[in-house]
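Asks: For reference, the chains in residue letters:
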Amino acid sequence: MDQVAVTAFFQTLVQGLLTGGLYALIGTGLSLIFGVMKVINFAHGDFLAIGMFITLALFRTLNIDPYLSLLVAAPVGFALGYAIQRFVLTRLGDRLGEGSMLATLGLGLIISNTLLLGFGAQPQSINVPYAIKTFSFAGVQVSIPLLVAGLGTLVVIAGLNLLLYRTELGRAIRATAQNPLGAELQGVRTANIQAIVFGMGVAFAAIAGVLLMPLLYAFPTVGENYTTKAFIVTVLGGLGNLPGAVVGGLVLGVIESLGAFYVSNNYRDAYGLIAFLLVLLLRPEGLFGKTVKRV
Amino acid sequence: MTASSVSVARPRALTFGNVWLSAVILAVLFIYPFVFGKTMNFGISTLLFAGLAMSWNILGGWAGQTSLGHAALLGIGAYTMTLLATPERVPALFGGPVAPWWGTLIGMALAVALAAVWGALTFRLRGSYFTLSTIAVALVIRLVAINSEWTGGSEGLFMPELPRFFGLDLFDRRVEYWLSFAFVVLTLLVTHLIRRSRLGYALQAVREDEDGARALGIDPTRMKLIAFMISAALTALGGALYAIYLQAFEPHTLLELPISVQIALMAIIGGRTSIQGPLIGAVLLATFGEVFRNVFSSANLLIYGVLILLVTLYAPNGIMGLFARGGQKLGTAR
Numbered sequence: 001m002d003q004v005a006v007t008a009f010f011q012t013l014v015q016g017l018l019t020g021g022l023y024a025l026i027g028t029g030l031s032l033i034f035g036v037m038k039v040i041n042f043a044h045g046d047f048l049a050i051g052m053f054i055t056l057a058l059f060r061t062l063n064i065d066p067y068l069s070l071l072v073a074a075p076v077g078f079a080l081g082y083a084i085q086r087f088v089l090t091r092l093g094d095r096l097g098e099g100s101m102l103a104t105l106g107l108g109l110i111i112s113n114t115l116l117l118g119f120g121a122q123p124q125s126i127n128v129p130y131a132i133k134t135f136s137f138a139g140v141q142v143s144i145p146l147l148v149a150g151l152g153t154l155v156v157i158a159g160l161n162l163l164l165y166r167t168e169l170g171r172a173i174r175a176t177a178q179n180p181l182g183a184e185l186q187g188v189r190t191a192n193i194q195a196i197v198f199g200m201g202v203a204f205a206a207i208a209g210v211l212l213m214p215l216l217y218a219f220p221t222v223g224e225n226y227t228t229k230a231f232i233v234t235v236l237g238g239l240g241n242l243p244g245a246v247v248g249g250l251v252l253g254v255i256e257s258l259g260a261f262y263v264s265n266n267y268r269d270a271y272g273l274i275a276f277l278l279v280l281l282l283r284p285e286g287l288f289g290k291t292v293k294r295v
Numbered sequence: 001m002t003a004s005s006v007s008v009a010r011p012r013a014l015t016f017g018n019v020w021l022s023a024v025i026l027a028v029l030f031i032y033p034f035v036f037g038k039t040m041n042f043g044i045s046t047l048l049f050a051g052l053a054m055s056w057n058i059l060g061g062w063a064g065q066t067s068l069g070h071a072a073l074l075g076i077g078a079y080t081m082t083l084l085a086t087p088e089r090v091p092a093l094f095g096g097p098v099a100p101w102w103g104t105l106i107g108m109a110l111a112v113a114l115a116a117v118w119g120a121l122t123f124r125l126r127g128s129y130f131t132l133s134t135i136a137v138a139l140v141i142r143l144v145a146i147n148s149e150w151t152g153g154s155e156g157l158f159m160p161e162l163p164r165f166f167g168l169d170l171f172d173r174r175v176e177y178w179l180s181f182a183f184v185v186l187t188l189l190v191t192h193l194i195r196r197s198r199l200g201y202a203l204q205a206v207r208e209d210e211d212g213a214r215a216l217g218i219d220p221t222r223m224k225l226i227a228f229m230i231s232a233a234l235t236a237l238g239g240a241l242y243a244i245y246l247q248a249f250e251p252h253t254l255l256e257l258p259i260s261v262q263i264a265l266m267a268i269i270g271g272r273t274s275i276q277g278p279l280i281g282a283v284l285l286a287t288f289g290e291v292f293r294n295v296f297s298s299a300n301l302l303i304y305g306v307l308i309l310l311v312t313l314y315a316p317n318g319i320m321g322l323f324a325r326g327g328q329k330l331g332t333a334r
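Protein chains in written order, with my numbering: chain A, 1 to 295; chain B, 1 to 334.
If you are wondering where the hints come from, they were derived from the structure by calculation, not from laboratory data. Among these hints, one or two may not hold up.
[Claimed, not checked] If we take Cβ atoms under 7 Å as the criterion, some of the chain B residues that face chain A in the derived model are:
#, residue
1, G96
2, F123
3, L125
4, N147
5, T253
6, L257
7, L301
8, G305
9, I319
10, L322
[Claimed, not checked] Pair ranges (Cβ atoms, derived):
#, chain 1, residue 1, chain 2, residue 2, range
11, A, P123, B, R173, 33 to 41 Å
12, A, N127, B, W101, 51 to 59 Å
13, A, L216, B, W101, 21 to 29 Å
14, A, P123, B, F94, 40 to 48 Å
15, A, S136, B, L93, 35 to 43 Å
16, B, F288, A, L185, 16 to 24 Å
17, B, P258, A, N266, 18 to 26 Å
18, A, N265, B, F288, 20 to 28 Å
19, B, V295, A, L163, 39 to 47 Å
20, B, F288, A, A83, 22 to 30 Å
21, B, L284, A, L162, 31 to 39 Å
22, B, E155, A, L216, 20 to 28 Å
23, A, Q122, B, R196, 46 to 54 Å
Built from N, CA and C at the ideal position, the CB exists for glycine as well.
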């Protein structure tokens, strides 16, 4: 392999890993929700879209830097998720399995169509000087916003780990995931914990939306694509397995990037789907570990 | 209504709706073209979606397996029929364009084959895995349709000149209405027949308690597979009729996730454990969609979102479930 080919390979790999980081962030939110509540959130991508449109709206009206929108998008996402768990999903009672799927599907349609009414169907982007900046490392060009997104993901996931394993709240979350009834008997207010977890999952999706905004166009149904990506990541890593979701995200990013570069860019979205189907059929417990590890 | 018409012996109604209700609905649909001759397009698309929702319900309601990938089966019916009827696209193997009715049958056979493989692989798994797999399969088929030159890519296909069907012009809106009507009658008939058959009882048992059904000697995987194959055949038939109605279509109109979701939601909102629920759901949502199209323009799926949320929270058996409960209350009040 000559020098150019090697550089091209690393270029593609780095691109894939950084995109994969974002997928990991989206997948972690979905997996966290599944791990604690056994709810598959079909509105996950739409929460990402909310993050994108908050960023867009703040930039258009107040000229706020996209990354500063995190301070708005994350709390809004958390509050939204908290409220949805508290006021919608808990009402489903013992019909949670099937019911949550339909309820989140409905919520997703409500979100995307409300965005459509508010912002129109036209894809919109924001113009910031650093959006197209790159820096070069050993001949490999890295896009600055993509790098920021990758680092942002790292910070959020590290923060989540600290929260889960170093705090009292984290202990309560893990207890609720393992055995809700037992946790309740130990004095954990599981209803509140579940709402917090749903809030965190939605906040992660909204954060991913903010981090994506300088890179992509926003349109109301953009979430559909990311809901699918989140499912792929989660299934690759094993439903409810958080470290799995991180690795699953990176794997998906790299598969897509390498496939698009070496096979055909037109089928970029297909490589992940095929990997997803193969894992679903051959190893439904995910790529890693025999048993599904919970939170 | 007399008290005797309410079944007291069964503590939990598994199915709602009888033959008489079907007859009344069909009578209304029969009169439609004579009264609303000017809005035939609305009538045809509503009927087609009603038939598709009932086809979906054989798997989604009776077998309890929620598919969000039925657009793939719809697309297979539409694309197969159209590609085989188009002289410049039909594979040399056929030696010339294939009449749409034979093309439709081939499309149905392909859909059944896909369902057989797909179901055999995924029905081993329980829970949400089947639903997740349906989304992925439909998306892969969509990507193939978009990127293949043969299928017309993202531009899609134009319907070629079609030979006459028993002397009938397939592009005549009245002919299309009666074909769609026949499609609804067929799906309704199949559902009624399933209800009265061994398969129907087995499916209800599997849906309510899979382990219990297995203990009774029912093979749940086999039952779900049969339901999936029937559902696939009918959905592909609906797809071929929809293609003729559209006359030109692209992957976006037939293969996107929202199409699958729309079909599923019509059945669920109407009532998936009932016979006529999907039919009523389709008519209701089509009417709502038409009304709100003017108010919300392209955001007409908003009403689907609101309705599915309300139904999930307050009427788990759909609109038909509400009727059945209301009827039972009336009955016991007497």
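Asks: Evaluate each hint against the coordinates.
Replies: Against the structure, the hints come out as follows:
no.	hint	result
1	G96	violated, 31 Å
2	F123	violated, 11 Å
3	L125	holds, 5 Å
4	N147	holds, 4 Å
5	T253	violated, 15 Å
6	L257	holds, 6 Å
7	L301	holds, 5 Å
8	G305	holds, 3 Å
9	I319	violated, 14 Å
10	L322	violated, 16 Å
11	A:P123 to B:R173: 33 to 41 Å	holds, 36 Å
12	A:N127 to B:W101: 51 to 59 Å	holds, 55 Å
13	A:L216 to B:W101: 21 to 29 Å	violated, 46 Å
14	A:P123 to B:F94: 40 to 48 Å	holds, 41 Å
15	A:S136 to B:L93: 35 to 43 Å	violated, 54 Å
16	B:F288 to A:L185: 16 to 24 Å	violated, 46 Å
17	B:P258 to A:N266: 18 to 26 Å	holds, 22 Å
18	A:N265 to B:F288: 20 to 28 Å	violated, 40 Å
19	B:V295 to A:L163: 39 to 47 Å	holds, 44 Å
20	B:F288 to A:A83: 22 to 30 Å	holds, 26 Å
21	B:L284 to A:L162: 31 to 39 Å	violated, 50 Å
22	B:E155 to A:L216: 20 to 28 Å	holds, 25 Å
23	A:Q122 to B:R196: 46 to 54 Å	holds, 53 Å
The earlier numbered hints that this structure contradicts are 1, 2, 5, 9, 10, 13, 15, 16, 18 and 21.
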